[in-house]
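Fit chain B to the supplied structure of chain A, relying on the hints for placement.
Keeping their order, the protein sequence lines are chains A and B.
My numbering puts the first residue of the first sequence at 99, with every later residue one more than the last.
My numbering puts the first residue of the second sequence at 99, with every later residue one more than the last.
Worth flagging that the hints you see were computed from the coordinates, not collected in a lab.
Heads up, some of the hints might be wrong.
Treat identical chains as interchangeable: a pair holds within one or across any two.
Derived lysine to any residue pairs resembling SDA-like cross-links, with alpha carbons at most 25 Å apart [claimed, not checked]:
| hint | residue 1 | residue 2 |
| --- | --- | --- |
| 1 | Lys336 | Thr317 |
| 2 | Lys175 | Glu258 |
| 3 | Lys153 | Arg180 |
| 4 | Lys296 | Ile242 |
| 5 | Lys296 | Ser195 |
| 6 | Lys351 | Asp310 |
| 7 | Lys134 | Arg219 |
| 8 | Lys296 | Arg321 |
Protein chains: 2
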Amino acid sequence: MKIVIVGSGAVATNLAYGITTTTRYQVEIAARNPQKAKDIADGLELKVKVVAINKCDKNADLYIIAVTDKAIEEVYKELLKRISPEAPIVHTSGSTSVDVFGENARMVGVLYPLQTFSRNRIIDLREIPFYLEAEDEHLKRTLIKLVEELEANWDWLDSEKRKAIHVAAVFACNFTNFMLACANEILEHEGLNIAELKPLIEETVTKAIESDNPISVQTGPARRSDNRTIFLHEQYLKNRPDLKDLYASISQKIMRKFE
Amino acid sequence: MKIVIVGSGAVATNLAYGITTTTRYQVEIAARNPQKAKDIADGLELKVKVVAINKCDKNADLYIIAVTDKAIEEVYKELLKRISPEAPIVHTSGSTSVDVFGENARMVGVLYPLQTFSRNRIIDLREIPFYLEAEDEHLKRTLIKLVEELEANWDWLDSEKRKAIHVAAVFACNFTNFMLACANEILEHEGLNIAELKPLIEETVTKAIESDNPISVQTGPARRSDNRTIFLHEQYLKNRPDLKDLYASISQKIMRKFE
Chain A
99 MKIVIVGSGA
109 VATNLAYGIT
119 TTTRYQVEIA
129 ARNPQKAKDI
139 ADGLELKVKV
149 VAINKCDKNA
159 DLYIIAVTDK
169 AIEEVYKELL
179 KRISPEAPIV
189 HTSGSTSVDV
199 FGENARMVGV
209 LYPLQTFSRN
219 RIIDLREIPF
229 YLEAEDEHLK
239 RTLIKLVEEL
249 EANWDWLDSE
259 KRKAIHVAAV
269 FACNFTNFML
279 ACANEILEHE
289 GLNIAELKPL
299 IEETVTKAIE
309 SDNPISVQTG
319 PARRSDNRTI
329 FLHEQYLKNR
339 PDLKDLYASI
349 SQKIMRKFE
Chain B
99 MKIVIVGSGA
109 VATNLAYGIT
119 TTTRYQVEIA
129 ARNPQKAKDI
139 ADGLELKVKV
149 VAINKCDKNA
159 DLYIIAVTDK
169 AIEEVYKELL
179 KRISPEAPIV
189 HTSGSTSVDV
199 FGENARMVGV
209 LYPLQTFSRN
219 RIIDLREIPF
229 YLEAEDEHLK
239 RTLIKLVEEL
249 EANWDWLDSE
259 KRKAIHVAAV
269 FACNFTNFML
279 ACANEILEHE
289 GLNIAELKPL
299 IEETVTKAIE
309 SDNPISVQTG
319 PARRSDNRTI
329 FLHEQYLKNR
339 PDLKDLYASI
349 SQKIMRKFE
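One chain only, chain A, in its complex shape:
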């Protein structure tokens, strides 16, 4: 099976790495900036060919568009100048509907890896859930074959549910990271660092996931409606209005849950 991955970002790089190291599929990376893609591929010693999009393999078994959400449509149009409109093609975005490929496209779908990727941090694809969407039977089989070869967990998921997962992931991942960033900002001000909180953070996450229902294990001043402590904490943050606002508004939301 020949796969063309379009993109040179963290998702494209991680997919290329995973596919070339755990399957026998041939991978070609097609990028708007092939030199950048080539540097990354060389750095990771990937066994891939890197080309410009308008030079990509015309007869691949699957095209995976792994670019930022807003570039998907443009990249797709660029691809269509080179390949047949009948070619099997997917994107990897959580919040983009499959409709981005237009109403008449037939062999189109989604291969959404639910993970936060960084370019310089390779993640084992077997640890990641993949959410697939496709109408066409041939494309369905192609996608299943790929994720099975990768030994990844996978499931079918339509565009609406995928959007729910993506919104949930923003809370669970992006916003969680931001909470840790706020904690670190407070600690650094006192010559301390987020590493001090490592056992606490790990226990929090373990407990939340094991509970199957994180709100049932909510703790802290807001959970107890401990207005005295909330007041002391807001006083402590009085010279940092952004942190103080955030502290107040999240505490308020937690209290409302337990009214």
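Showing chain B alone in chain A's frame:
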């Protein structure tokens, strides 16, 4: 060494369990509700004596008040009816100053275990950082002896810095849990569950801590100022105003960081 732990909540229970299982110290639990404390101690097969506060050992080497913040002062006054004002005594609160014991108290301090405790979930105290505060040399030695016997990590920390750690812990622990609760609420609405996001959450936390500076690894729509995706997500949450507000306000704070 004889230790009296005052309290029957999660902190008291975890301390009693840790001290009785890893040291040779004698532990007595003194509680406002001794029957409740006794049931918990029996459930955990703790080798402790459980008594009412006004019946506690008068000659212990250390008294640890492990009750909710707002009850510390009252419990302390109750203890003083029974024990000498010269007895070595500490509380376990992150956000309460050592001044809660009054200006004239001499043998007073703080033993703050930085962890989120649940009554029915025993945590290995060796994994937890303890922050200590004391002026008196004898009390200092007593506290060091205890944490060293527990094989715990520990450090001295004054009341002001301990407050910083506690505020940071609210962000890193209580607010993080609430972000996971919001994610779960969104997922459950689609027949899914927080467990789907486990690999994503674990990678997020690992990456944030390893980076030593979580804001440097911030990702997501707000980080990219991807207003299109933010709009779609807010649309998706339009019937759940609390979630939508929270999504909007945290996204805005993240965007401001990268302006």
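Going down the list of hints, with the structure as the test:
no., hint, result
1, Lys336 with Thr317, "within (23 Å within a copy, 28 Å between copies)"
2, Lys175 with Glu258, "within (24 Å within a copy, 59 Å between copies)"
3, Lys153 with Arg180, "within (8 Å within a copy, 86 Å between copies)"
4, Lys296 with Ile242, "between (38 Å within a copy, 22 Å between copies)"
5, Lys296 with Ser195, "between (37 Å within a copy, 24 Å between copies)"
6, Lys351 with Asp310, "within (20 Å within a copy, 29 Å between copies)"
7, Lys134 with Arg219, "within (17 Å within a copy, 50 Å between copies)"
8, Lys296 with Arg321, "both (22 Å within a copy, 24 Å between copies)"
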